[in-house]
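Asks: Next come the chains, spelled out residue by residue.
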Amino acid sequence: MITFEAVAKRYRNGREALTNISLHLAPGEMVFLTGRSGAGKSTVLKLIALLERPTRGRVTVAGENTGNLPTRRVPAFRRRIGVVFQDHRLLVDRPVFDNVALPLIVSDSSLKEIDKRVRAALDQVGLRGSERVLPAELSVGEQQRVGIARAIVSRPPILIADEPTGNLDPQLASEVMALFRRLNEVGVTVLVATHDLQLVRESGLRSIVIENGRIAGAVADGTLPIIEARR
Amino acid sequence: MIGPSGYLARHAQALLSSAGHLARAPIATIFTVVVMGLALALPLGLDVLVRGAREATHDFRGAVSISVYLKTSVSEARAKELARTARDRPAVERVELVTATQALAQFRTQSGFGDALNALEGNPLPNVLVVTPRPARANPASMETLRQYLAAWPEADAVQLDGDWVTRFNAMLQLLQQALLIAAGLLAIGVVAVVGNTIRLEIQNRRAEIEVTKLVGGTNGFVRRPFLYTGALYGVFGGLTAWLVVVVALALLNPAIARLAQTYGSSYTLAGPGIRDLQILLGGGALLGWMGSWLAAARHLARIEPGAG
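The listed protein sequences derive, respectively, from chains A and B. If you're matching positions, the first sequence starts at 1 in the working numbering and goes up one per residue. If you're matching positions, the second sequence starts at 232 in the working numbering and goes up one per residue.
Think of the hints as simulated: they come from the structure by calculation, not from any bench. Source: prediction; values computed, not measured. Treat the hints with caution; some may be incorrect.
What the hints assert, rightly or not - With the Cβ distance kept under 10 Å, some of the chain A side facing chain B (calculated, not the full set):
{"hint": "1", "residue": "Thr71"}
{"hint": "2", "residue": "Pro75"}
{"hint": "3", "residue": "Arg78"}
{"hint": "4", "residue": "Phe85"}
{"hint": "5", "residue": "Val92"}
{"hint": "6", "residue": "Arg94"}
{"hint": "7", "residue": "Ser107"}
{"hint": "8", "residue": "Ser154"}
To be verified - Facing chain A, according to a computed beta carbon distance under 7 Å, are these residues of chain B, among others:
{"hint": "9", "residue": "Glu440"}
{"hint": "10", "residue": "Val443"}
{"hint": "11", "residue": "Val447"}
{"hint": "12", "residue": "Gly448"}
{"hint": "13", "residue": "Gly449"}
{"hint": "14", "residue": "Thr450"}
{"hint": "15", "residue": "Phe453"}
{"hint": "16", "residue": "Pro537"}
Stated by the list, open to error - Over the 10 Å line for every Cβ pair with chain B, so calculated as not near, a few chain A residues:
{"hint": "17", "residue": "Glu64"}
{"hint": "18", "residue": "Leu69"}
{"hint": "19", "residue": "Arg182"}
{"hint": "20", "residue": "Glu185"}
For glycine and all other residues, C-beta sits at the position ideal for the given N, C-alpha and C.
Construct the complete structure from the given sequences, taking the supplied hints into account.
Replies: What follows is the structure, given as structure tokens:
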């Protein structure tokens, strides 16, 4: 579902965020991406969501080579990927319902469909009844769950999350991870970037460690550097 | 696939969203609308004045005529034939024959030389045709063509174009109208620039929203849509403001105009802009606003990408 082949990414300011990274996520797999801040985790997610393009190498997501995907096809590509950010990126002047509905609105879903799916997504994250509330009136944890609801509302086959539990207490973090596991169980490919190693260990899932823009850690199958493959 | 009703619903949603944004920033909205309104009111006001002048004078079209002095040897019967010939010209509205007999009688009455005229052996005055052109042909070019045609008659002794001052007056009005068009064009560019700048600032203010929308798969067209409606709404409200400004200005001016007209024995007042003017202002304003916002959106939206944050 997601493949990186000898990928490098150098930003315009000259900073080399990734150096020769190769990794692979099979369809329906859930994987953690770990490493210190600035290691390159967010860059990997940006390359998957086509917020950036690789400087070198090849990134393939859902069969699309993102490096040469025409700009006009980028919006449709992004609709197939749910993205959860640590800072939520919610529209502060819009109620919860509108925030969660945004992916459906941009894909021209019917109003009936939007209403049904938004309520279902809010139900999944435990925020049913908060439709008319503004994000600022919610706790940080609740805002994070609104961000998750927005990421899953259009039922994307791929879900990527950048430090989704960074602002949450352990209880809420576990709930969020449980939600990701439930989504993964129904076939969604999930990639979670986190520096919370405790969370990774508790999950028992495969994780990929990045350090200084390179894959670090044990190599499991000779081509992909995988550690803690305990699933 | 979205159906027609869904498509309309999306546009209605974008329109409502744009109206909501304008309502949430009333002061900024009012300033922009007033600037646009004043810019649109200027050409409208001038147009109303020019139209008023034309209407008041009827372009002095009745005052323009060509007098054809026939040779004294031309009989009255022949003069009548020539009058009929002239009347058949498409440029001619009417032809009046002032016979030599009528002219002498008139001269006798008005001049006070009645007795002296009795001493004349015959009537020295010629038959005269007074040719009045159709209003649509009362322009200098058509009048000159007609004058040349009449002067070419062998029976014509002299042809005199009356009312050169009217031609000059109409030329001045035409000049004013052309200046008005140029001013309107320049002010339209100004309106586009004002809206474009306002939308540019709006885009900067809503950068986060645009990034998130693109992040979840919103196309440039989708993101652009509410900005286009915002520009069009600015134009509509600007047009409405311009109309109201001119209506109020005329209401204030008309008593003074009526007093001036009264001194000429007229009850004339300037007619205000009508519903058609309002329609043109609303449509034109919306189009200019749309253009301004489209230019700003096309330039700035493509530069905003979620990855840049």
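Asks: Confirm or reject each hint.
Replies: Hint check:
1. Thr71: It holds, given that the least Cβ distance between Thr71 (chain A) and chain B is near 9 Å, below 10 Å.
2. Pro75: With Cβ-Cβ at 4 Å, under 10 Å, it holds.
3. Arg78: holds (4 Å)
4. Phe85: holds (9 Å)
5. Val92: holds (8 Å)
6. Arg94: Given a least distance of 8 Å, the restraint on Arg94 (chain A) holds.
7. Ser107: holds (6 Å)
8. Ser154: With a minimum Cβ separation of about 8 Å from chain B (threshold 10 Å), the hint on Ser154 (chain A) holds.
9. Glu440: holds (5 Å)
10. Val443: Hint holds; Val443 (chain B) Cβ to chain A Cβ min 5 Å, cut 7 Å.
11. Val447: holds (4 Å)
12. Gly448: Status holds, d = 3 Å.
13. Gly449: holds (4 Å)
14. Thr450: With a closest approach of 4 Å, the Thr450 (chain B) hint holds.
15. Phe453: Since chain A brings a Cβ to about 5 Å from Phe453 (chain B), closer than 7 Å, the hint holds.
16. Pro537: holds (5 Å)
17. Glu64: It holds; Glu64 (chain A) is separated from chain B by about 14 Å at its closest Cβ, greater than 10 Å.
18. Leu69: holds (13 Å)
19. Arg182: Nearest chain B Cβ is 21 Å from Arg182 (chain A), so the label holds.
20. Glu185: Holds: least Cβ distance 24 Å, greater than 10 Å.
The structure fails none of the hints (numbered hints given earlier).
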